[in-house]
Amino acid sequence: MVKKTLSNVYMAIIFLFLYLPILVLIVLSFNDSKTRVEWGGFTFKWYIECFQSETIMTAFATTLQITVISAVISTIIGTLAAIGISAMKARSRAFYLGSTNIPLLNADIVTGISMMLLFVKFVELGFVTVLVAHITFSIPYVILNVLPKLKQANRSTYEAALDLGASPLYAFYKVTWPEIRSGVFSGFLMAVTMSLDDFSITYFTKGAGVNTLSTMLYTELRKGIKPELYALSTILFFTVLILLLLVNYLPNRKKSTALERV
Amino acid sequence: MNKLRRQLLAGPYLVWIIGFIILPLLMILYYAFFDENGSFTLEYLSHIASPINMHAMILSLELGVAATLICLLLAYPLAMILNNLKIKNQSLVVFIFMLPMWMNFLLRILAWKLLLNKNGVLNTVLMSIGLEPVMILNTPAAVVFGMVYEYLPFMILPIYNSMARIKKDYIEAAHDLGANEIIIFFKIIIPLTLSGIISGIVMVFVPALTSFAVSELLGGGKVLLIGNVIEESFMQGMQWNAGSSLSLVLMIFVMVSMTIMNIFDKDGEGTAVW
Chain A
1 MVKKTLSNVY MAIIFLFLYL PILVLIVLSF NDSKTRVEWG GFTFKWYIEC
51 FQSETIMTAF ATTLQITVIS AVISTIIGTL AAIGISAMKA RSRAFYLGST
101 NIPLLNADIV TGISMMLLFV KFVELGFVTV LVAHITFSIP YVILNVLPKL
151 KQANRSTYEA ALDLGASPLY AFYKVTWPEI RSGVFSGFLM AVTMSLDDFS
201 ITYFTKGAGV NTLSTMLYTE LRKGIKPELY ALSTILFFTV LILLLLVNYL
251 PNRKKSTALE RV
Chain B
1 MNKLRRQLLA GPYLVWIIGF IILPLLMILY YAFFDENGSF TLEYLSHIAS
51 PINMHAMILS LELGVAATLI CLLLAYPLAM ILNNLKIKNQ SLVVFIFMLP
101 MWMNFLLRIL AWKLLLNKNG VLNTVLMSIG LEPVMILNTP AAVVFGMVYE
151 YLPFMILPIY NSMARIKKDY IEAAHDLGAN EIIIFFKIII PLTLSGIISG
201 IVMVFVPALT SFAVSELLGG GKVLLIGNVI EESFMQGMQW NAGSSLSLVL
251 MIFVMVSMTI MNIFDKDGEG TAVW
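Line by line, the protein sequences are chains A and B. Note that the first sequence covers residues 1 to 262 in this note's numbering. Note that the second sequence covers residues 1 to 274 in this note's numbering.
Simulated from the structure, these hints should not be mistaken for lab results. Among the hints, a few may not be true.
Below are the BS3-like pairs computed for lysine-lysine, each with C-alpha atoms no more than 25 Å apart in a straight line [to be verified]:
{"#": "1", "chain 1": "A", "residue 1": "K174", "chain 2": "A", "residue 2": "K151"}
{"#": "2", "chain 1": "B", "residue 1": "K187", "chain 2": "B", "residue 2": "K168"}
{"#": "3", "chain 1": "B", "residue 1": "K118", "chain 2": "A", "residue 2": "K3"}
{"#": "4", "chain 1": "A", "residue 1": "K223", "chain 2": "A", "residue 2": "K45"}
{"#": "5", "chain 1": "B", "residue 1": "K167", "chain 2": "A", "residue 2": "K3"}
{"#": "6", "chain 1": "A", "residue 1": "K223", "chain 2": "B", "residue 2": "K168"}
{"#": "7", "chain 1": "B", "residue 1": "K222", "chain 2": "A", "residue 2": "K226"}
Small disclaimer: the values here were computed from a predicted structure and weren't measured.
I would like the entire structure built from these sequences, with the hints used as guidance.
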């Protein structure tokens with residue numbers, strides 16, 4: 001009993017540690033007062049200002065474009081690569097997996113700088129360079145999500161399908177795809193998350209004119225804290241919350257897959 | 001034949017690896033070892049030993065280790081508690097502890113900054129109960145707290161995952177054979193969660209060691225980590241060669257910590273957190 005109480009207290013403390021700052025942001029986003037700690041009445045004005053701010057809205061649009069395009073492309077390249085890697089012999093597999101680990105393990109700042117050094121030799125930094133960079137660091141997450149599924153998948157059933165006259169594409173679609181689908185899906189989600197959350201690599205590859213939400217926030221936070229940013233945080237927090245709940249707890253999904261995805 | 005065809009599917013990725021992973025790293029090597037005229041030099045590498053750089057490196061290591069240890073100490077008990085929860089919605093509870101991870105990390109810094117500010121929430125609370133306000137913002141302590149706040153979920157997740165994989169049978173068997181809770185903890189739970197612990201350490205230590213945004217925003221430009229020195233040499237000073245040689249050092253730091261972790265992680269699953 002004592003142990004149970006202690007456990008609950010401990011969970012509550014960590015919970016507060018994680019959520020108190022977010023709660024403060026949410027409360028302040030409705031606070032009609034210039035100073036941060038005094039309650040000056042309820043208001044929606046920061047939300048209105050947030051939606052009217054060109055800086056925020058442009059950065060938001062750029063972020064969405066980069067995230068969607070990079071997640072789709074990296075999912076395609078990554079899934080194909082995972083299928084290829086699973087058919088390889090040990091030595092080439094080691095090369096691919098080793099290279100896959102580089103952006104995963106290397107410091108973001110080094111990855112960002114190394115790509116910047118390459119890009120500036122050939123092109124002007126901008127939207128495309130950020131996109132390429134995001135695809136590069138997203139592919140490994142897709143591969144790491146798809147490869148284990150391919151390993152679990154029963155190779156013989158695929159070969160049996162071929163023996164029974166199915167074309168490789170048809171056999172893939174009917175046999176392999178159902179087995180790796182969940183891996184591809186979670187790889188895609190990881191790619192989306194990583195792209196949305198990335199700051200360092202974007203920061204070095206973006207050039208002067210382009211800003212994602214992260215780099216825009218960095219610039220703004222260095223200048224000071226604007227209340228519109230509280231509103232933005234609140235909106236983003238609830239968007240993420242709703243999206244994750246939808247993904248994890250849609251009906252007809254098994255509990256275990258929900259956990260895997262967390 | 002069929003196998004070969006399947007291998008070809010990795011072709012686009014091979015192009016990507018060479019073009020955007022290997023070539024960029026070679027660029028860093030080039031800038032670190034060759035000057036503007038293209039002749040080989042060790043001059044930039046020798047700059048690493050300058051007092052500013054050495055100080056930044058040592059501070060980065062200290063703050064990184066501190067943040068990692070705090071995360072580990074906070075996360076391990078939590079993972080155990082979460083794993084032992086005897087309720088139906090265990091996954092939901094785990095989800096709650098992971099959720100902040102999905103919020104943009106700069107927004108989390110913003111939230112944290114609000115708490116720690118001189119006139120922020122923490123000090124308001126402290127003063128209202130008659131305590132002295134603390135001036136924690138713009139100190140190394142603020143940076144460590146910021147790192148812990150940023151990276152704690154990265155420690156919780158792999159440890160929880162490895163703990164959830166432990167078969168209850170092992171623990172029951174140990175009980176049956178007369179082991180008490182302490183022996184079970186040290187002989188079964190710790191060894192079986194070691195790969196999770198190591199993943200967690202990597203996931204926290206590497207970003208903490210190499211971050212520059214956290215220290216810039218919570219340290220107010222007064223806490224110079226190696227990441228900040230690198231960032232400045234590229235974005236402000238145009239000292240690309242010096243910056244590249246420092247990046248090289250940072251890469252070596254990262255590789256060394258990975259190797260050390262790999263030695264302990266026999267399953268080779270250390271970084272396969274997801």
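Worksheet item: Against the structure shown, which of the earlier numbered hints fail to hold, in ascending order?
Response: Violated: hints 3 and 6.
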